[in-house]
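Chemist: I would like the entire structure built from these sequences, with the hints used as guidance.
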Amino acid sequence: MTYIENIFICLVVPLMLTLFFTSGNVRRFITFIIVGMGVCLLSAYITGFAMSRYGTSQTIVAIEIAPVVEEVMKLLPILFYLLVLEPHPRRLPIAAISVAVGFATLENVCYLTENGAANFYYLLIRGMSAGALHILCGIICGFGISYVFRHSWLKLTGTVGILGFCSGFHAIYNLLITADGAWKAAGCVFPSLLIVCLFFARKLLPHFLIMLKK
Amino acid sequence: MNFEIIDNVFQIILLLICGGVSMVFAVTHRSRLILILSLFYTCFSLGTLYFVLHVFITGMAPQIFYVSEISWIASYAFLLSFQILRSDGIKITFSPIAAVLTFAYVAVALERQFMLYVTPLFVLAVGSALYLSLYRIIKYRKNRAIDVCMVICLYLQFSLYMSSLFIRDFDDFNLYFAIDFALSASLATLLPLSIREVLEK
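Same order as they appear, the protein sequences are chains A and B. Per this note's numbering, the first sequence runs over residues 1 to 214. Per this note's numbering, the second sequence runs over residues 1001 to 1201.
No wet-lab data here; the hints were simulated from the structure. Think of the CB as a built atom: it goes at the ideal place given N, C-alpha and C, for glycine as much as any other residue. Warning: the hint list may mix true and false statements.
[To be verified] Covered stretches of chain A, as calculated for chain B (at least 3 residues, CB under 8 Å): (1) 58-72; (2) 161-169; (3) 175-187.
[What the hints assert, rightly or not] Examples of chain A residues lying across from chain B (beta carbon under 7 Å, computed): (4) 153; (5) 157; (6) 172; (7) 198.
Modeler: This is the structure we're talking about:
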């Protein structure tokens, strides 16, 4: 059994204390990391509830329910930030990525608590796959939401679209890592690979990105 | 080999090619319209990819909740955005014929629960796209090829769901797969028609 609430408190308290002595972007970044951890906790509750509601195994929940629940939960604070606090759209990608970082951190710490930290190779793979996947979804969600909210005709449909896109990615990843052999290897590699591709696309296509910002 | 896998793999490959081509075109021609079409293709093929991988890895279709359907709804949301962007500047009013045809589609989809829990979302996205397309065909009368193709796609999607309610054999070729092949082909046809429209502007 994982005492996720205890782990959450242990990780969040130092971060919250840091908030008293920080300001500006750093404070915003730390706040969203805390929010991400909170979202991870709530997602665990919801998937746990779904597991008992449908009476299914952990594997089925991981590949059929958790991806949608997690992506919806990660999107909600971003939408709240955007609609209630109305920040500049430029700040959204960082907010979404910070939420994803917080989420991935708590998830990985829970994984360490359950499985131990003895196997360095396995943990490195875990960090590069599951951690990278959340960051990838954060990048897509952050940049996507900041783009779709610039156009009134795209707000609703674009948000649904981004949510579906992220859920699809997440579900395919979860499905691949539950398999063996080449499928698992592909699942471990593709999130990091796509982040690298997005990074180079961003560097190589600045004019296209300027067109999108208009 | 199971025909369901052959059909879906064909769809994934075809739509990923369309997604790639449309992305390249969107970047080279700085076209927002084609970019949205590219997102549509990518989302649609992601949904099908998830379904195929699920069947391939676990040996059965998803049992509780279809992640694929979220991706397909997302793709139809992008298709709706595509139609909204095309209709920018056109005053959309009430059209009785378009409304009746859309209502018939929506009513059957809701009654038959095409997408389990997420049917209302599917109906909202597809119904709006269908009304816009029919409205443009009836009233606007310009660049109607895309609208006609889109109506065909949406009705093929409808027929696919309807046929899946009656056909239970997914091992051999049957009407269900014929409709799915036609759907894939008509979705792919949207790309050259859209490119032509962008180049004409």
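Chemist: Under a C-beta cut-off of less than 8 Å, do 3 or more residues of the segment 58-72 of chain A approach chain B closely enough to confirm the stated coverage?
Modeler: Check passed, 6 qualifying residues.
Chemist: Count the residues of the segment 175-187 of chain A whose Cβ falls closer than 8 Å to any Cβ of chain B, and tell me whether that reaches three.
Modeler: holds (count 5)
Chemist: Given residue 153/A as an interface hint, is the shortest Cβ-Cβ distance to chain B below 7 Å?
Modeler: Where the cut-off is 7 Å and the nearest Cβ of chain B is about 5 Å from residue 153/A, the hint holds.
Chemist: Double-check residue 172/A for me: the hint is only fine if its C-beta lies closer than 7 Å to a C-beta in chain B.
Modeler: Holds, because the Cβ-Cβ distance from residue 172/A to chain B comes to roughly 5 Å (cut-off 7 Å).
Chemist: Would the stated hint for residue 198/A survive a check requiring a Cβ distance to chain B of less than 7 Å?
Modeler: violated (13 Å)
Chemist: If you take the shortest Cβ to Cβ gap from residue 157/A to chain B, is it below 7 Å?
Modeler: holds (4 Å)
Chemist: Holds or violated: the segment 161-169 of chain A covered by chain B, criterion of 3 or more residues with Cβ-Cβ distance under 8 Å?
Modeler: Per the Cβ count (8), the hint holds.
In summary, the one numbered hint that this structure violates is 7.
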